[in-house]
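K.L.:
Now for the letters of each chain:
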Amino acid sequence: MLVIWRRCGESLFVGEDVEIEVLDARANRVKLGITAPDSVQIVRRETRITREENIAAALSAGHEMIEHLLRCLPRRN
Amino acid sequence: MPRIPTKFFGECDYEAGDLFSFPSGLPGFEDQHSFVFLKIPGAEPLLFLQSVLTRNLCFVVLPILVADPDYRLELAPEELSELDLPPDRQPIVGRDVLCGALVCSGYGAEPTANLMAPIVVNLNTRVGIQAILGQSAYCYRHPLRFGEGVLAC
Chain A
858 MLVIWRRCGE SLFVGEDVEI EVLDARANRV KLGITAPDSV QIVRRETRIT REENIAAALS
918 AGHEMIEHLL RCLPRRN
Chain B
2 MPRIPTKFFG ECDYEAGDLF SFPSGLPGFE DQHSFVFLKI PGAEPLLFLQ SVLTRNLCFV
62 VLPILVADPD YRLELAPEEL SELDLPPDRQ PIVGRDVLCG ALVCSGYGAE PTANLMAPIV
122 VNLNTRVGIQ AILGQSAYCY RHPLRFGEGV LAC
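Chains as they are written, first to last, in the working numbering: chain A, 858 to 934; chain B, 2 to 154.
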């Protein structure tokens, strides 16, 4: 991993077209401004994980899983 | 009573109150804006989040407090806004919102629940989102354990 220190107001380029600027920095949060072509998808890491997990959840949902859960879950009755 | 074709249960009746709008869809399913929460007799406490648009899309959902009785829902200000909830307090699960974890069995023998990204629906406005608790310690592959031991049978 490449590690670079930047201050507020400073920026860096990724490739020719993507610029990332540090707009604000606090104790445990930074605010970034990203300038990139429309073709570049920008997504938070946790959103990408959620996307992958959702697809896996949809694909794995089946009668077998449901029956397994119903055998193991505490019943409300 | 409206009916819907479902992935697992054939044609199902549902009540208008079980139909929820997801204006942003879910990550990976951004074009899915309408889901019904199916409650199937005999399948409690499981819920089924059935797409209205796509019969073959149905998530298995576990109420969040069944997956983790100590779960604390902490929505970001923009998530409260998307759900039309007041910005100054967290909603109460079961009263203000219904909150559930998507179950996945794609990672080994035992199913897991995504506690990092719960489905949250406003029970008054019928609007839903998938919240993403990025700052939380909650796991997106939370092993389902019940009673004294690991879920094993």
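The set of hints was computed from the structure by calculation and includes no laboratory data.
Every residue gets a Cβ at the ideal spot worked out from N, C-alpha and C, and that includes glycine.
Take the hints with a grain of salt, since some may be wrong.
Claimed, not checked - Distance windows between CB atoms, simulated:
id	chain 1	residue 1	chain 2	residue 2	range
1	A	GLU921	B	PRO78	16 to 24 Å
2	B	GLU16	A	GLY890	21 to 29 Å
3	A	ILE912	B	GLU12	23 to 31 Å
4	A	GLU876	B	SER35	33 to 41 Å
K.L.:
Quick check: does the Cβ-Cβ distance between GLU16 of chain B and GLY890 of chain A fall within 21 to 29 Å?
P.N.:
violated (46 Å)
K.L.:
Do the Cβ positions of GLU876 of chain A and SER35 of chain B conform to the proposed distance bound of 33 to 41 Å?
P.N.:
Given about 39 Å between the Cβ atoms, the range holds.
K.L.:
Given the range 16 to 24 Å, decide if the beta-carbon distance of GLU921 of chain A to PRO78 of chain B lies inside it.
P.N.:
violated (40 Å)
K.L.:
Starting from the range 23 to 31 Å, see whether the pair ILE912 of chain A and GLU12 of chain B falls in it by beta-carbon distance.
P.N.:
Because 26 Å falls inside the window, the suggested range holds.
When the structure is compared with the earlier hints, violations turn up for hints 1 and 2 and for no others.
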